[in-house]
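Asks: Okay, here's what each chain looks like letter by letter:
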Amino acid sequence: MSALAVEHVTLPMFGRLDPHAARADQIAHIAEAARQIRIQDLKLVHYAGAGHIGGDLSAADILATLYGAVLDVTPDTVDDPERDRFILSKGHVAGLLYTTLAAFGFLPVEDLASFLKPLSALNGHPNRNKVRGVEANTGPLGHGLPIAVGHALSAKLDVSRRRTYVLVGDGELQEGSNWEAMMAASQYELDRLTVIVDRNRLQQGATVRETNDLDPLDAKAAAFGFAVVEVNGHDHGELLDVLSSVPFRPGKPTFVIAHTHKGHPISFMSNNAAWHHRVPSPEELQQALTELDAA
Amino acid sequence: MSQQSPAARPSLADRPRFDCRNAYVDTLAELARTDHRIVGVVNDSIGSSKLDAFKKAFPDRLINVGIAEQDMVGVAAGLANGGRIPFVSAAASFLTARALEQIKADVAYSDRNVKLCGMSPGMAYGELGPTHHSIEDIAWLRAIDNMTIVVPADPVETAAAMRWAAATDGPAFIRVSRMSVPQVYPDDYTFRPGKATTLRDGGDITLISNGTVLWRALVAAEHLEAGGIEARVLSMPTVKPLDVDAVIAAAAETGGIVTAEEATTAGGLGGAVAETLAQRHPARMRILGVPEFAPTGSAGYLLDRYGMSPEGIAGAARELLRREPT
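Chains as they are written, first to last, in the numbering used here: chain V, 149 to 443; chain F, 19 to 344.
Among the hints, erroneous ones may be present.
Said to hold, decoys possible - Restricting the straight-line Cα-Cα distance to at most 27 Å, the calculated cross-link-like pairs of lysine-lysine (DSSO-like) are:
id: 1; chain 1: V; residue 1: K304; chain 2: F; residue 2: K213
id: 2; chain 1: V; residue 1: K278; chain 2: V; residue 2: K265
id: 3; chain 1: V; residue 1: K304; chain 2: F; residue 2: K73
id: 4; chain 1: F; residue 1: K74; chain 2: V; residue 2: K304
id: 5; chain 1: F; residue 1: K73; chain 2: V; residue 2: K400
id: 6; chain 1: V; residue 1: K304; chain 2: V; residue 2: K368
id: 7; chain 1: V; residue 1: K265; chain 2: V; residue 2: K304
id: 8; chain 1: V; residue 1: K304; chain 2: V; residue 2: K400
Unchecked claim - DEER-style ranges, computed between Cβ atoms:
id: 9; chain 1: V; residue 1: G163; chain 2: F; residue 2: D263; range: 42 to 48 Å
id: 10; chain 1: F; residue 1: G65; chain 2: V; residue 2: D361; range: 35 to 41 Å
id: 11; chain 1: V; residue 1: E358; chain 2: F; residue 2: Q297; range: 48 to 54 Å
None of these hints come from the bench; they were simulated from the model. Cβ coordinates follow ideal geometry from the N, Cα and C atoms, glycine included.
Working from the sequences, and respecting the hints, build out all of it.
Replies: So, in structure tokens, the structure goes:
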């Protein structure tokens with residue numbers, strides 16, 4: 149296995165389509181971005197020899213949709229106080245975040261070649277002081293949702309229309325801090341806050357159900373005062389429609405349960421706990437790229 | 019001997035005592051009136067932080083997340099992301115112990131402009147016991163990068179530290195004492211972060227202290243003077259970053275150093291001074307503090323018990339001077 153180098157960076161740049169572009173065009177744009185992000189991310193993990201590829205692939209369509217067509221933030225407005233915020237609570241999918249930020253121009257694509265290298269800005273968990281576009285230094289689980297609630301509160305105090313999105317893993321919801329934050333979000337009627345759950349039903353070594361089950365997650369979120377929506381987390385059309393139309397209920401924060409598969413759509417990775425942070429071999433990388441029509 | 023404040027007057031022990039929380043809430047309201055970015059964040063601690071009047075004056079700007087410390091600090095980090103300057107106001111014990119990872123990751127490592135105000139620190143909760151005492155907070159937060167730690171000694175310094183914190187971008191932890199203390203500093207005192215203040219000069223020995231113990235150290239110096247020992251008293255409100263130069267000068271110019279603080283003897287002000295001396299200027303030293311889970315008693319009683327009455331501090335100084343020089 150050769151070490152990660154610039155020649156392994158093949159990601160093209162994706163701009164944003166005109167907000168008034170036809171829905172079908174938006175979806176095609178997001179789909180191609182997601183495909184290229186996956187290809188690049190698989191190469192990063194293979195050549196760097198580390199990463200969380202299972203969770204990366206699980207959330208790739210969600211991030212591609214947010215950055216490709218939903219969030220009101222671009223490389224030009226990344227320091228604008230009125231930008232929308234995206235907080236990645238499951239910080240271990242940093243490789244996916246970096247690749248997505250590079251795809252949409254927040255950092256130079258060639259910087260991806262430094263992923264996990266000594267002194268690289270691209271640490272195994274994101275650092276907002278080193279990577280433009282990162283909103284919070286996450287990694288320990290259960291931190292993003294409280295931060296998102298705080299930002300949504302600031303927007304409400306400012307009487308601003310800026311929105312707050314936070315992506316949490318489903319296993320991560322075993323951390324009690326999330327539920328503290330959900331109570332506060334509901335109490336403060338933060339209806340411009342959207343919690344997206346990457347519901348892949350797998351945690352580090354086993355299923356969520358076997359470990360400490362979350363079901364009925366929809367009823368739990370509703371009982372905590374959220375408007376609950378369920379989507380196919382790999383369907384760009386569903387994601388685009390839902391994430392663009394919050395709030396669903398005035399006065400209520402939104403809880404989007406995005407049903408996903410870890411490792412999606414790679415046949416031998418999908419829904420397989422072994423791929424939480426396994427590194428693909430050269431043959432496995434080749435097969436994965438073939439499945440993504442990239443070989 | 020120079021007298022740089024009213025503190026050195028012999029009447030210090032008999033002067034009126036003040037609860038620093040009053041200075042805290044007055045200053046927070048003063049800051050909030052002039053800077054719309056300032057908000058309070060509490061864990062149902064409105065009463066214990068004396069924030070009822072603030073809530074009336076600024077109802078939207080007091081965020082109460084309920085009894086939920088992890089959420090409280092994460093919310094503060096998010097408010098800072100949105101451009102606000104949150105003053106988190108909660109019992110020091112629960113703020114620092116329960117939300118330590120949020121303090122580390124969301125505030126310090128993320129470099130968010132959050133002010134963590136630890137109310138009723140040390141053994142202020144007295145008879146409520148070690149679950150409510152906060153003697154470990156300084157040691158815990160000292161181990162975290164990018165965190166300024168301030169332990170004010172009186173209402174004047176509490177207000178001054180808050181004004182500095184509000185005007186300075188970055189994370190800070192400020193202890194806000196509940197146990198009443200006399201006014202040590204003059205009304206026009208200006209807080210200088212990272213700087214010690216020589217409240218009393220002397221060449222025989224140095225007493226380094228802060229917080230609720232500082233006035234006790236000043237009275238101890240009076241006792242020592244009566245016995246012919248000239249003690250230098252260094253006020254060290256900023257435990258991190260420590261005024262290393264003042265510590266080294268004290269070690270070079272006096273016969274030994276006694277630290278005294280309402281905090282654990284492991285890793286607090288005493289630990290910070292010892293780390294400096296061991297590496298830069300070895301000297302005779304004694305660390306006074308709280309070495310254990312304290313038994314039942316008021317904060318004042320317990321400070322006395324752990325050798326931090328004025329007489330106790332003076333005794334530790336005399337004993338240190340009797341030891342063989344290193």
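Asks: If a hint holds in the structure, say so; if it doesn't, say that too.
Replies: Here is how each hint holds up against the structure:
For the proposed pair K304 of chain V and K213 of chain F, the alpha carbon gap of about 39 Å is over 27 Å, so the pair is violated. As the CA atoms of K278 of chain V and K265 of chain V are separated by approximately 14 Å, the hinted pair is consistent with the 27 Å bound. Proximity of K304 of chain V to K73 of chain F is assessed by CA-CA distance (about 17 Å); at most 27 Å being required, the pair is judged to hold. Restraint check for K74 of chain F and K304 of chain V: the C-alpha separation of about 19 Å stays at or below 27 Å, so the hint holds.
For the proposed pair K73 of chain F and K400 of chain V, the alpha carbon gap of about 24 Å is at most 27 Å, so the pair holds. Proposed proximity of K304 of chain V and K368 of chain V is supported: the alpha carbons are some 25 Å apart, at most 27 Å. The suggested pairing of K265 of chain V with K304 of chain V is violated, with an alpha-carbon distance near 40 Å, which exceeds 27 Å. Annotation: proposed proximity of K304 of chain V to K400 of chain V holds, straight-line Cα distance about 13 Å (limit 27 Å).
About 54 Å separates the C-beta atoms of G163 of chain V and D263 of chain F, a value inconsistent with the hinted range of 42 to 48 Å. At about 39 Å, the CB distance of G65 of chain F to D361 of chain V agrees with the hint of 35 to 41 Å. Hint check: E358 of chain V to Q297 of chain F, Cβ distance near 51 Å, so the stated range 48 to 54 Å holds.
Against the hints set out earlier in the document, violations occur for numbers 1, 7, 9.
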